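All chains, please: the whole structure from these sequences, using the hints.
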Amino acid sequence: MCRTEISEEGEIENKEKKARRPYISWARLLRRVFDIDMEKCPNCGGPVKVIAKIEEASAIKKILTHLGLSPHPPPKAPARYDPFAEADIYSTYL
Numbered sequence: 001m002c003r004t005e006i007s008e009e010g011e012i013e014n015k016e017k018k019a020r021r022p023y024i025s026w027a028r029l030l031r032r033v034f035d036i037d038m039e040k041c042p043n044c045g046g047p048v049k050v051i052a053k054i055e056e057a058s059a060i061k062k063i064l065t066h067l068g069l070s071p072h073p074p075p076k077a078p079a080r081y082d083p084f085a086e087a088d089i090y091s092t093y094l
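Just so we're aligned: 48 in this note's numbering is position 48 of the sequence shown, and the numbers increase by one with no gaps anywhere.
Each hint should be verified, as a subset may be incorrect.
Think about it this way: if two alpha-carbon atoms lie no more than 20 Å apart in a straight line, the pair counts; the simulated SDA-like pairs of lysine to any residue are [as the list claims (entries may be wrong)]:
hint, residue 1, residue 2
1, K49, L29
2, K49, H72
3, K62, C44
4, K62, I51
5, K49, R31
6, K49, P74
7, K53, D37
8, K61, G46
9, K53, E39
10, K61, H72
I should point out that these hints are in silico values taken from the structure, not numbers from a laboratory. Note that this is a predicted model, so its numbers are computed, not measured.
The structure is reproduced here in structure tokens:
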């Protein structure tokens, strides 16, 4: 982005302005959107630190199974009924 200024002497100056991308951490986004504070322990209120990042599917499956949770995502809900699908709204305008 370029900004043009006129100095007191009447000279035109072009000043470059660096565009800065706003960065918000994932923990702050969760707090803002879902009111979940990932930086504070829910039990004692102390600070929380990430100690591992698990991306391997087999390891995730073993952990979830050990915790008694399903390693599979829940099924998709069926589409809701569309009340306008059967309505004859176009005949009133023709």
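Verification of the supplied hints:
With a CA separation close to 17 Å, the supplied pair K49 and L29 stays within the 20 Å bound. Between K49 and H72, the direct Cα distance comes to roughly 27 Å. Violation of the 20 Å bound is thereby established for this hinted pair. Note on K62 and C44: the hinted pairing is violated, with a Cα-Cα distance of about 28 Å set against a maximum of 20 Å. At roughly 18 Å between alpha-carbon atoms, K62 and I51 fall within 20 Å of each other, so this suggested pair holds.
Straight-line distance between C-alpha atoms of K49 and R31 comes to about 16 Å, which keeps the hinted pair within the 20 Å bound. A C-alpha spacing of about 29 Å is found between K49 and P74, which places the hinted pair above 20 Å, so the restraint is violated. For the suggested pair K53 and D37, the alpha carbons sit about 18 Å apart, so the restraint of at most 20 Å is met. At roughly 29 Å between alpha-carbon atoms, K61 and G46 are farther apart than 20 Å, so this suggested pair is violated.
Between K53 and E39, the direct Cα distance comes to roughly 16 Å. Compliance with the 20 Å bound is thereby established for this hinted pair. Restraint check: the Cα-Cα separation between K61 and H72 comes to about 8 Å, which is no more than 20 Å; the hinted pair holds.
The structure shown violates the earlier hints numbered 2, 3, 6 and 8.
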